[in-house]
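Peer 1: As a plain string of letters, each chain reads:
Number of protein chains: 2
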Amino acid sequence: MPSFKVTVTVRLKQGVLDPQGKAIEGALTSLDFSGVKGVRQGKVFDMVLEAKDAKEAEKAALKMADKLLANTVVEDFQVEFA
Amino acid sequence: MPSFKVTVTVRLKQGVLDPQGKAIEGALTSLDFSGVKGVRQGKVFDMVLEAKDAKEAEKAALKMADKLLANTVVEDFQVEFA
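Those protein sequences? They're chains A and B, same order as listed.
Count the first sequence with the working numbering and you get residues 190 to 271, in order.
Count the second sequence with the working numbering and you get residues 190 to 271, in order.
Please note that the accuracy of each hint is not assured.
Heads up, the list lumps identical chains together, so a pair's fine if it works in one copy or across two of them.
Taking lysine-lysine and the BS3-like style, the derived pairs with C-alpha atoms no more than 27 angstroms apart in a straight line are [what the hints assert, rightly or not]:
id, residue 1, residue 2
1, K256, K226
2, K241, K202
3, K256, K244
4, K244, K211
5, K226, K248
6, K194, K211
7, K194, K244
8, K252, K232
9, K211, K252
10, K211, K241
11, K194, K248
12, K226, K211
13, K226, K241
14, K226, K252
15, K252, K241
Note that these hints are calculated values from the structure, not bench results.
Just so you know, these numbers come straight off a predicted model, no measurement behind them.
Kindly generate the complete structure, drawing on both the sequences and the hints.
Peer 2: So, in structure tokens, the structure goes:
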């Protein structure tokens, strides 16, 4: 079976507070970086998936993201081929 | 000053062990996802930067990644405009 490099990116939904991002913003500002107007942190998962074709690989990745990689109450995800 | 949406993606360098990725791979397999041949986890930072132009914003983002966002001993980073 062919294998596909799939990247799942998980980000907090708009409106969900991100204290970690806020902390990074503060740290950047205190390191004298000016002009930082908002930081939000997310996660990225680089996976190698064996599947019949790209469509199947994408379907599997979406299911994985929905079931395990993202907390869909507060997070959104997107799937891309690398 | 115009503001730019910049995304910094931080990934472990090739060859650096990723126990978290391994754990996710194991979890996916035990959730009956077949065909998972490797998972590596990274971080993504979505930032809004005020800068004179896109070039300055990119330069600032690269510096932030190098100084704070990534541990360049074990991690690589890349900067993109969203």
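Peer 1: Any of the earlier hints contradicted here, and which numbers?
Peer 2: Hint 2 is the one this structure does not satisfy, whereas the remaining hints hold.
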